[in-house]
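Turn these sequences into a full structure, and let the hints guide you.
Keeping their order, the protein sequence lines are chains A and B. Heads up: the first sequence begins at 216 in my numbering, then just goes up one per residue. Heads up: the second sequence begins at 216 in my numbering, then just goes up one per residue.
Bear in mind the hints are in silico, worked out from the structure with no lab data behind them. Bear in mind the structure is a predicted one, so any value in this text is a computation, not a measurement. All clues given are correct.
Given that identical chains are not distinguished, each listed pair holds provided it fits within a single copy or across any two copies.
Below, a list of computed lysine to aspartate or glutamate pairs in the EDC-like style, where the Cα atoms sit at most 16 angstroms apart: (1) Lys503 - Glu491; (2) Lys224 - Glu283; (3) Lys217 - Asp343; (4) Lys313 - Glu358; (5) Lys342 - Asp569; (6) Lys606 - Glu534; (7) Lys362 - Glu435; (8) Lys571 - Asp343.
Protein chains: 2
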Amino acid sequence: MKLSQTFAKTTKTAPGDEVSESAKLLIRAGYIYKEMAGVYDYLPLGMRTLDNIMQVIREEMNALGGQEVRMTALQPRDAWEKSGRWDDKVLDVWFKTKLNAGGELGFATTHEEAFTRMLKTYISSYKDLPLYVYQFQTKFRNELRAKSGIMRTREFMMKDLYSFSRTKEEHDAFYEKVAASYTKIFNRLGIGNDTFRTFASGGSFSKFSDEYQTLCEVGEDIIYLDREKNIAVNEEVYTDEILNELGLDKSKLEQHKAAEVGNIFTLGYKYSEPLELEFADEEGKRQKVFMGSYGIGPSRVMGVIAEKLSDEKGLVWPEEIAPYKYYLVAIGDKANEVAEELYNKAPEQIIFDDRKNARNGEKFADADLLGIPYRVVISDKTLAEDKVEIKKRTESDTKLLPLTEFIVKLGQK
Amino acid sequence: MKLSQTFAKTTKTAPGDEVSESAKLLIRAGYIYKEMAGVYDYLPLGMRTLDNIMQVIREEMNALGGQEVRMTALQPRDAWEKSGRWDDKVLDVWFKTKLNAGGELGFATTHEEAFTRMLKTYISSYKDLPLYVYQFQTKFRNELRAKSGIMRTREFMMKDLYSFSRTKEEHDAFYEKVAASYTKIFNRLGIGNDTFRTFASGGSFSKFSDEYQTLCEVGEDIIYLDREKNIAVNEEVYTDEILNELGLDKSKLEQHKAAEVGNIFTLGYKYSEPLELEFADEEGKRQKVFMGSYGIGPSRVMGVIAEKLSDEKGLVWPEEIAPYKYYLVAIGDKANEVAEELYNKAPEQIIFDDRKNARNGEKFADADLLGIPYRVVISDKTLAEDKVEIKKRTESDTKLLPLTEFIVKLGQK
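Okay, structure coming up:
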């Protein structure tokens, strides 16, 4: 990307009504645009970052044997009435609307009913199971308050995976595989060290669910963390009885604010029973399908990363999700020609700050604000030695690297 | 993809309320699932096909210098009131909803207002123009009737590009570049021969708009086509006066049913005036931005292709958008081993029909129903000559191809 050709410039200020620090940074850096409270557009850099987060998750979902689909936001009322969740008193974040042709529709905030109903067409025998299906989809939540930037919004990207198993045992084994996958995902996304599997309240079919909570000062949850055991407990199940059951020592627990970045949930027959999702077992007997659901919010993850990893200079993106890997600045005419050549070798990896009207100081400041992992400077001085100057966003030292080595790096992607 | 591991099996029947032939085929082939009239989920094969269509369009939008973003479906009321389109009497396909925090929101069917308003933050000088921004986004339309499968739905994928120019002249030049790009896109999508640039009604700033109409028996439009001149006229502007103006001879025009797969539109100051999108020109004088909009509906395109190219055996996908290129069938144990090896070389290109319980006849029928461009059969007989049998979906002849040559093809992607 060449900065001279990009419309989403950095700005000195964010909208006055924006209270979230991460949202202010993302807006100032030209990653997102605020339509209204809790509703944000993704501009080119923001879209690339979000897509990179989604791609990491997608790869791990595919590795679990997940099959990707794309369900609709519009959902008819009947399936939700069967599960008892159409009522606003049961699910209070509905956006509902009227169909011109008659009747009421909902914009789904979650898709248990939709997947359960859809799979009635495709599941008939034990041979069709187990089955894992997921999607990335825009979800809508009619939040009363939305003050946390892209960490809690009214329209957001969600990855939701659903598992369909023959038995609880088969379900439990997959559930643990997803748990391991989630750990890997949060490591790849650069927040693994501060993200903890956390006991939270369960449902009829399981005493607990598992949340993935990232320590974060502006998070909305409170968790109690045993660092030695690498286990956390959500405030909602923080009782002496449960600590006892989990073998946790109250005196060793740290209290932290945290943001929920993922959750995994044993649904059991909660949806397969009312919606009658069944299969014939090996004896031909009808059995209910045992279900689980597994969510990660890519846009919330992006907000949490922006919130946690940023510093006083701006955003800091982990390499795997940064929209571009290098931020290239050329000082001098000859350097500019070389920079142009380098850029053309790998335009997908480089932001070339080719702005003619920007001072070098502004360019360096924007390199920091945008949070690109490596700043690369080419000047007549570095070129005299056939080198470039490279600096990591998270370090203050610069290093000189032979131009040929940098070109090899570009080739590696 | 291995068929034994795919949940979305082919079925003999489609839902009884489905009247669209293309939708019936897409449902039977496991590409889509019908949630309700005009609302369809995309299952793995359908999602891949739609994504391939989108990728072709994306490449051409980028080649035009388009910058990709992702706007929100939820839109606040104020921008739409300024443009006069909030009223249901002006725009009758709104889905509107209530915000729990108070106020009314719309689910946008189009994004002129949103783009115009967002760009007020980024456009200030003539140096910021011209500018081309686009998105792929789920749009919602509260259609009264929805009987054409994925050709007209209440929730669909749309590519919308918007141009922002300093002058009408600058706009006109870009408009023609988009027209050329659209021709290229429809060629790549395999419907170029039957898709015609069509004069349709314009607006305050241009007498005509241009539609791209694909000849199609179940299309909702009627066009009059001059094949020699490669020009068509939409029924809505089919008057003697206009034919005269366009230099068309009534007696040479063919009447056709057609489906609109794209449109390009000169907006002029229609949105920049009420929403005050302005720039300072070279003399520092405030000027309004001259706008254009350019749409293609990838999901409708998919429906039109399914409708037009299918035959009595099933779907037929052009190579560039087919979800997979090869449909692999193995006959015999040794052949099965070889097929497995081939599949592992290029799982992204191959549907391996590894079902143990399906007869060869069923496999061949499904290869046709799914519309995969090449059916590849390996048997002990073909292996005796180190060959595979290959058949194009659109031809009846089979050919023997040396195994090594097929492997080279797989490597080429």
